[in-house]
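Asker: Sequences listed follow chains A and B, in order.
Our numbering puts the first residue of the first sequence at 713, with every later residue one more than the last.
Our numbering puts the first residue of the second sequence at 4, with every later residue one more than the last.
Bear in mind the hints are in silico, worked out from the structure with no lab data behind them.
The following label-pair restraints were derived from C-beta to C-beta distances:
| # | chain 1 | residue 1 | chain 2 | residue 2 | range |
| --- | --- | --- | --- | --- | --- |
| 1 | B | ASP51 | A | GLY1098 | 32 to 38 Å |
| 2 | A | GLY903 | B | GLN11 | 35 to 41 Å |
| 3 | B | GLN11 | A | ASP957 | 50 to 56 Å |
| 4 | B | ASP51 | A | ASP913 | 47 to 53 Å |
| 5 | B | ARG59 | A | ASP837 | 53 to 59 Å |
| 6 | B | ILE54 | A | VAL1003 | 27 to 33 Å |
As the structure is a computational prediction, the values presented were derived from the model and not from experiment.
Note that the Cβ used here is the ideal one computed from N, Cα and C, for glycine as well.
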Amino acid sequence: MKAVTLLLLGCTKDDPVTQPTGDSTVATDSGDSSIDTAEDLPPWQALTGDCSAPADLGADTLVYEGGHQITSKKGDGPSTLFIELVDLEKDGDVVYGVGQGGLILFDFSDVSEVSEFAVYPDPDDGFPGRFHRVEKIGEGAVALVHRDFELRFADVSDPSNPVLLRDDLGGGREGLAAVGDRLYVSNRSQGGTLEVWDVSDLTDIVELDSHEGFGPNTWELSKTDDGWLYAADQSLGVLPISLADKDSPEAGQPVGDYAVQHIDVEGDALYAAMGSAGVGVFDRSDPAAPVLVTTLAVAGSAVQVAADGDYLFAADHEGLVAWDISDPLSPVAVGHQVSEQFALAVINEGATAWLGDWSIAGQWALTPGAPELALSNDLIQLPTDGGSTKVSLTNYGQGDLEIVGATGPEGVTLEMRRTTLESGASTNLQLSWTGGELDDTICLATNDPDEPLREITVVSGDNGGLGGPAPDFTLNDLDGNSWRLSEQLGHPVVLAYFATW
Amino acid sequence: MPVLYDQQGDVFKEYRLASPFPTGAYPHDWIIGKDGTIIYFNNRFDADRMIETLERELAE
Chain A
713 MKAVTLLLLG
723 CTKDDPVTQP
733 TGDSTVATDS
743 GDSSIDTAED
753 LPPWQALTGD
763 CSAPADLGAD
773 TLVYEGGHQI
783 TSKKGDGPST
793 LFIELVDLEK
803 DGDVVYGVGQ
813 GGLILFDFSD
823 VSEVSEFAVY
833 PDPDDGFPGR
843 FHRVEKIGEG
853 AVALVHRDFE
863 LRFADVSDPS
873 NPVLLRDDLG
883 GGREGLAAVG
893 DRLYVSNRSQ
903 GGTLEVWDVS
913 DLTDIVELDS
923 HEGFGPNTWE
933 LSKTDDGWLY
943 AADQSLGVLP
953 ISLADKDSPE
963 AGQPVGDYAV
973 QHIDVEGDAL
983 YAAMGSAGVG
993 VFDRSDPAAP
1003 VLVTTLAVAG
1013 SAVQVAADGD
1023 YLFAADHEGL
1033 VAWDISDPLS
1043 PVAVGHQVSE
1053 QFALAVINEG
1063 ATAWLGDWSI
1073 AGQWALTPGA
1083 PELALSNDLI
1093 QLPTDGGSTK
1103 VSLTNYGQGD
1113 LEIVGATGPE
1123 GVTLEMRRTT
1133 LESGASTNLQ
1143 LSWTGGELDD
1153 TICLATNDPD
1163 EPLREITVVS
1173 GDNGGLGGPA
1183 PDFTLNDLDG
1193 NSWRLSEQLG
1203 HPVVLAYFAT
1213 W
Chain B
4 MPVLYDQQGD
14 VFKEYRLASP
24 FPTGAYPHDW
34 IIGKDGTIIY
44 FNNRFDADRM
54 IETLERELAE
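Looking at chain B on its own, in the form it has when it is part of the complex:
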């Protein structure tokens, strides 16, 4: 599993803008769909919803 170092925080800042609730607190989870669109965002870890989102995306 790749661990990427966002040294300047640029990616976080850009995704913060792209979030419906662009909060500053960590952690943040996003899921990007197969076509490159954002299909999930949460600032809490919600395994059930993430799995559901991924299964739905993989089934399509």
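Isolated chain A (complex conformation):
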């Protein structure tokens, strides 16, 4: 008889799952977010006033300037729709994106009217699946990697007509980094190898060698201008790779026990996207041994980072997050904006960022100075017989965030210890409920110029949470077999929820 049942529950982004902001840096089963619990903090005070936005809000921190929603359906059938922009590159006014459908080239010469140059390979020749990385490899050329099938090189000097230079079949590849006349390609097959390609002659691209002993689960490679690569490895964390001999890269000691998805380097600072753990800030003044200095919280799950000049950006599924890195090892949060769809990829040039937002490639401008509210959640369940819970509020902007008013349904008391939050600060909103049936909203009024009025849905229910009954469900597995949770009574069940991207 089995002792434990492990159920993996998954969805795809096509599923209509609400994606609220979330305080995913909190990992506890204590039932308390540990924010504002010190005894020396101010006492809880009831929020009063109405829910009206202040008259003069000023400019927002992060503004969507323009972009392109991919809507055209190529070829026959829905599967040929280009979606899921997972990586971006930029060359002048041309932004390259890869995702489900191959490579797409956007014309950003006029941000008010962004358009598509082309999709490559030609969708009418068949759906190519999902490409994962794109990397410029010289004047007018890119390398593309398809995790399952191939490494491909294309001439994109005419962005309206990409031309195949070479393709090399074989799965397992993922990360790309072009350094001078070499292209480095991480390959997860055979325990983790690093391929070295000579791209000095785009008419004769050749693989020079494949070296063993690199990251077994590397998702991306980040290059520096001082002879190092850093592998973002889901198993090893940050793996330094010396390019002292460009054709014989040497793996150093991995740093940290973090699942790292993406890295960008700016000077002596290394920034690592670490999923729901946030963005790791590493001091790489010793390039062979980066040291984690601090971790930056994000509302969602940090999947890509981009650092250039004084600004660092992260795509965190929920949207775009920005920090001032004029002091590179002490970033200051300056902006946070929930995006339209699902933020997966980001690049930047100083205070301007380009975001791959599922099927939208957009340009964003950062204007530091305004406050920016992020809520830990916007859907709360309160026990039918009464009780209380907390929602954390974080100011991801630069200016002070003021909670200027709040209203809620009868029977719900709203309390905070403080109503002014400086940049980067968090506090809790405590909700207390006398009991009964509830399906209503709470309104918060703040001086966040982007969204001064925020709603939190509150419903009554007794799903219970920790110590309470697990909601029963019936789902089919991938073979069509039906599974009902309540039929597993008698032994523990592990539910691991994930999504396929």
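Chain A is fixed; fit chain B onto it per the hints.
Answerer: Positioned in the frame of chain A, the structure of chain B alone reads:
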């Protein structure tokens, strides 16, 4: 190991409500006790705590 497809996201939404920190970001791990109650929730993978929770539950 069964992989279940939550096509409409209904299970996720219901469990999100049942979590002390009902966040929207994936992944999420829950452990349901032998009696059908939720005994563990985390939105980070924490193998040590999961093993500890399971061993405690199995010992009872």
